[in-house]
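Using the sequences and the accompanying hints, generate a full structural model.
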Amino acid sequence: MAETLLTVEHVKKTYESATGSVEAIADISFTMNSGELVCIVGPSGCGKTTLLKCIAGLLRPTDGLVELHGKRVTSPPPNMALVFQEYGRSLYPWLTVRGNVELPLKHKDLSREERRQLVDDALEAVGLGHAHGSYPWQLSGGMQQRVAIARAVAYQPEVLIMDEPFAAVDAQTRADLEDLVRALHRDRGMSILFVTHDIDESVYLGQRVIVLSNAPTWVQEDLAIDLAAERDQITTRALPRFTELRTHIYQQVQRAKRGQAVRPGA
Amino acid sequence: MSAIPATASGPQRRVGRVGRASQSVGYALGLPLLLLVLWGAWVTLKEPKFIPTPSQVYRAFVDTWVGPAFMEDVVPSLARLGIGLVVSIAIGIALGTVIGLVKWLRELLEPSLEFFRAIPPPVMVPVIAVILGQTGLMKVVVIVLGALWPVLLNTIEGVRSTDSVMKDTARAFALTRSQRLRDLVLPAAMPRIMTGVRQAMSIGLILMVISEMFNASTGLGGKIVYFQRNYLIAEMWSGIVLLGLVGVLLAVIFGFVERRILRWYHGLKEVERG
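Protein sequences appear in the order of chains X and Y.
For the first sequence, the residue numbers in this note's numbering are 1 to 266.
For the second sequence, the residue numbers in this note's numbering are 267 to 540.
Note that these hints are calculated values from the structure, not bench results.
Looking from chain Y toward chain X, a few residues come up when the C-beta cut is under 8 Å (computed):
#1 Met-432
#2 Asp-449
#3 Trp-530
In this text, a Cβ means the ideal position worked out from N, Cα and C, and glycines have one as well.
This is the structure we're talking about:
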């Protein structure tokens with residue numbers, strides 16, 4: 001029986017502004033086990049990024065709680081790493097690729113040699129073993145996002161949180177990066193929480209897909225993806241089961257968009 | 267999916283670079299030479315009272331500034347300018363970083379800072395001279411009081427506008443306070459800071475001269491006033507030429523330092539322009 005890693009319980013987020021309060025997240029609850037790869041999918045503007053920021057401790061939920069290993073998250077926990085959608089703004093342009101990956105390790109209790117090893121290993125894992133000395137802006141968008149992933153991997157988190165990481169890269173690169181995420185999960189047993197608005201991506205990547213409703217947001221469905229663990233861009237996506245699952249989620253998201261879905265217990 | 271090389275190198279490029287360098291030197295010197303010729307021709311024809319020929323100014327330049335006057339007047343002036351600028355930049359960056367990071371401090375101070383900045387620094391010279399006397403300290407203080415503002419206000423603005431995703435990244439990876447300062451806040455603000463430093467340098471040069479012009483004191487500015495009052499026209503012009511050369515020298519030093527510090531910034535901009 002896998003251990004519960006992350007618990008999100010009745011999280012609610014209301015933004016207060018001069019024109020009144022806006023309820024972004026109504027009530028979201030789910031749990032995630034160690035070693036799982038969970039995708040969160042939902043219509044655009046449904047508060048996915050808000051939810052992630054609450055989970056990562058960057059935002060304080062108005063109500064409810066987030067727990068990591070049974071410990072309440074109030075500020076960014078040290079065993080969690082983030083990959084942002086905007087790689088160009090998340091990597092520091094004044095640091096080299098190596099400098100970016102190494103930066104979060106500098107305050108960890110590591111010897112110089114251990115640190116070097118971690119950086120080399122992480123860059124190797126994302127296929128950037130050759131690009132240490134380059135600056136992020138000298139690389140293509142896909143490669144920059146690889147640097148951001150390497151930075152998260154080198155940080156050795158228990159859970160990796162990714163916020164629409166591939167929304168801004170081209171389709172071909174995107175497929176490569178999806179396989180990279182699958183490989184990190186498979187080879188390193190990393191727990192990954194992956195947020196996306198792309199339904200195909202969520203089915204291809206996830207062991208579970210959590211479908212969110214329109215804002216104010218709640219969990220509309222929590223769906224296990226019963227595809228084999230070994231997945232492949234061509235054959236997996238051609239499976240009848242893949243189509244079934246994506247059709248099902250697609251319909252759920254469409255219902256969410258039209259506001260037809262009924263909130264349980266509401 | 268390949269890295270764009272950071273710098274072009276190799277023998278083929280090098281030839282091109284030498285060619286381009288000599289071309290740009292030609293462009294840089296072409297107009298000054300033309301102006302010198304025009305100046306000489308015009309003065310020879312019209313013989314205006316207060317404008318000597320280029321060769322007269324050149325002779326006055328050598329006689330006046332090459333020799334002990336260089337150590338007695340020019341070097342102390344430049345030293346005061348250097349000290350004034352270093353102090354302005356240090357105070358401006360340190361204070362600006364604190365004010366830029368602390369919201370309530372910024373809201374408290376910003377209107378007052380705008381007020382102080384709006385005061386033309388030369389009007390402060392007589393006041394400060396009364397308080398501190400005709401000393402080197404007074405001249406440095408005048409330079410600092412003028413050159414501080416652009417560095418300070420640009421640093422505040424640069425620190426304040428640090429990108430939100432970059433800040434979230436720093437928080438998510440639990441960077442320490444000193445890491446955030448050294449690896450995020452200061453580098454992110456550096457383009458703005460350098461803009462401030464550039465403005466500070468030209469203000470500093472102006473104030474260096476003005477601080478020396480009151481009460482016929484020493485220094486480069488004092489000498490120029492002395493020449494004016496004694497109808498030493500060519501000598502006066504030679505002082506003005508020297509000031510121009512100091513300005514060019516400062517710009518060259520600044521350009522050199524800026525290219526080093528903001529190498530990433532210029533690279534990034536170049537990529538963004540495509």
